[in-house]
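K.L.:
From first to last, the protein sequence lines are chains A and B. Going by my numbering, the first residue of the first sequence is number 33, and it counts up by one from there. Going by my numbering, the first residue of the second sequence is number 5, and it counts up by one from there.
No lab work stands behind these hints, which were simulated from the structure alone. Take the hints with a grain of salt, since some may be wrong.
[To be verified] Under 10 angstroms between C-beta atoms, here's a sample of chain A residues computed to sit facing chain B:
no., residue
1, Glu37
2, Glu204
3, Leu208
4, Gly213
5, Ile215
6, Val292
[What the hints assert, rightly or not] Restraint-style ranges between C-beta atoms, simulated for each label pair:
no., chain 1, residue 1, chain 2, residue 2, range
7, B, Ile202, A, Lys197, 36 to 46 angstroms
8, A, Trp43, B, Ser187, 46 to 56 angstroms
9, A, Phe138, B, Leu396, 49 to 59 angstroms
10, B, Ser187, A, Met163, 20 to 30 angstroms
[Stated by the list, open to error] Here are the simulated lysine-lysine pairs, DSS-like style, with alpha carbons at most 30 angstroms apart:
no., chain 1, residue 1, chain 2, residue 2
11, B, Lys35, A, Lys299
12, B, Lys178, B, Lys203
13, B, Lys115, B, Lys132
14, B, Lys155, A, Lys299
15, B, Lys233, B, Lys11
16, B, Lys157, B, Lys192
17, B, Lys157, B, Lys233
18, A, Lys256, A, Lys268
19, B, Lys126, B, Lys155
20, B, Lys233, B, Lys392
21, B, Lys132, B, Lys157
22, B, Lys155, A, Lys227
23, B, Lys132, A, Lys197
24, A, Lys227, B, Lys293
25, B, Lys233, B, Lys178
26, B, Lys203, A, Lys197
27, B, Lys178, B, Lys132
28, B, Lys115, A, Lys227
29, A, Lys197, A, Lys227
30, B, Lys392, B, Lys349
31, B, Lys293, B, Lys192
32, B, Lys129, A, Lys227
33, B, Lys192, B, Lys155
34, B, Lys132, B, Lys155
35, B, Lys233, A, Lys227
36, B, Lys155, A, Lys197
37, A, Lys227, B, Lys126
38, B, Lys115, A, Lys197
39, A, Lys140, B, Lys155
40, B, Lys157, A, Lys299
The C-beta atom is built at its ideal place from N, Cα and C for all residues, glycine as well.
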Amino acid sequence: MKRSERKALSWAGTGLMGFLCVAWLLPVIIVLFNSFKNKMFINLEPFELPTEQTYIGLENYETAIDKYGFLDSVGWTVFITVGSVAVILLCTSMCAWYITRVQNRFTKAIYFLCVFSMVVPFQMVMFTLSMIADRLGLSTPWGIIVVYLGFGAGLAVFMFCGFVKSIPIEIEEAALIDGAGPIRTFFTVVVPIMKPTFISVGILQTMWIWNDFLLPYLVLDTTKYKTISIVIQFMKGSYGRVDMGAIMAALIMAVIPVVVFYLSCQKYIIKGVAAGAVKG
Amino acid sequence: MSQVSIKHVEKVYGPTSGHRRHAKKGNANLKVTDEGVVAVEDFNLEIADGEFIVLVGPSGCGKSTMLRMVAGLEEITRGEVCIDGRVVNDVQPRDRDIAMVFQNYALYPHKTVRGNMEYPLKLRKTPKDEMNRRVEEAAQILGITALLDRKPKALSGGQRQRVAIGRAIVRDPKVLLMDEPLSNLDAKLRNQMRSEIIKLRQRIHSTFIYVTHDQTEAMTLGDRIVVMKDGMVQQIGTPQEVYDTPANIFVAGFIGVPQMNFYDARLVRDGDAYHVELDGISVALPAEKCARLAARGVGTCDVTLGVRPENIERAQAGPNSLTGTVETTEMMGSAVHLHVSVDGKDSIIILQNNPEDGERPADIRVGDTVSFAFSGAVAHLFDRQTEKNLEL
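Whole structure, please, built from the sequences with the hints as guidance.
P.N.:
Spelled out as structure tokens, the structure:
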């Protein structure tokens, strides 16, 4: 291939990627500028930029916060997300360490069970799950953490196992000889080494749990506890009308923390995912 | 310092273990019983206070497994390991007062050099002042004082190995175990570190058990060396003993570079005198060899004759010399290694490259015909069937 052809191909690729980026971001941008428009105009002119006539400043944000209890939902969402991610990271990292280092039929079965759980769609188990969760008294923000542990364990164990395999076992043996027991070895030697995978698993789980709608909607007692996604859903139907302005504002407020979190940690995702792939 | 006693130790990996598959695929000589694969068989060794023992053998011979059993990282199937008279079979590694240096350094990557060296002391709740003193002292011995605040990834291979040794010696263990610590280093650094280990040994007061597959390391470092093959001890002795009187053909071939030349020969007894016949030449054995053979009741028989390349000399073609064609030459600077084919069998000869005496081995070319001979004093005689040294 000639140099000019290569250059043209490169430009074409850049153009295509640029177009895809804009296409991907466009809905978010539309939501953003609609959040500053009067709700009457959102349905009428959804793709128009705010004008002097349609612009209402932060009124939609104030409505979402004051009228729909958005801040309470943020609190519950933060509680559920932080709690679930912490429990997932703690339990699955220990589980992955154990099943990687102790090779027997039981640990193999656990590993394949975790991997298999990734391919089972949530919709397949949602009815029985919500029934069981209700009977076990898990329909609270602290109870749903257990349910999230079950759903998050598959991917987390899979990723942690890949990384643990790449840690030379001699490091753990050295700790054992130096005087550390298994628990101390795990927390003072293995966990610091697994930091990149901890971060990447944490980011993936955080984004999923933060944005999740169906599981909390089915499991939580929504008369008492509402996550952000449930509140947004309630804005649409609970009063017999749709407050599109508040929805737009709530969507933006919901997405900001997770975008900031992702942008600040994104370099670790690639590092963590690739960490287990190549022997160090 | 401490005594270590290893009595009838065996290691058998269970039938479900991957070692069985490994044994079938790779090291087919490992014994497989109903119990599983026998990785170490009936290992006996008494190690004195402060002694430097080297376990040497080819890959898969069980030397690392034996070391790991002493460390407590592998369960002992049968037998006993005692440190200072205490049976430690069921004692946790941390309670054995041992330290270990691994082939891949096994440094904690998230800790600095100081952090790595402090870790075992912290776990033993050593006071801060004492900890600093010991770390500084170990760092000074190993010449890594300037590296104390660096992370392992910022160090070279040799520096990392020094840190690993530092972490091991910092708590003054009774027994220092080293599992092929120099294998990951390049040849020059390996030589340098080898001499540093010799110096280190004079400065600290631990008993050393050192595993290697490199016979040069074994010969230069060990007070005694233990040669292993297929999980079994082949010979235990000082480097000189093992070199001079190898117990069997395996040891004779394994110890010494280049390896010993072996020939099919016939040992002939004539009264109290013996001579060896091979390829039409006859080599008389000296009186002391004859006495040892006679004492063991050895008669005329077929033997494997071993002669080290450095014990072979060039000779004039004649009835008492072997003649062959040079197949390859290796110029080593001070000497030349000749690979000579005698009746299709390869022999290695080392000729010193010393122009002052008029000979110039470097001038020998591939295809040249050379004659060589050796005296009976340097001949090693092995039983053709048992492969054991007939003089032992």
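K.L.:
Of the hints stated earlier, which fail here?
P.N.:
1, 5, 6, 10, 11, 17, 23, 24, 26, 31, 35 and 39
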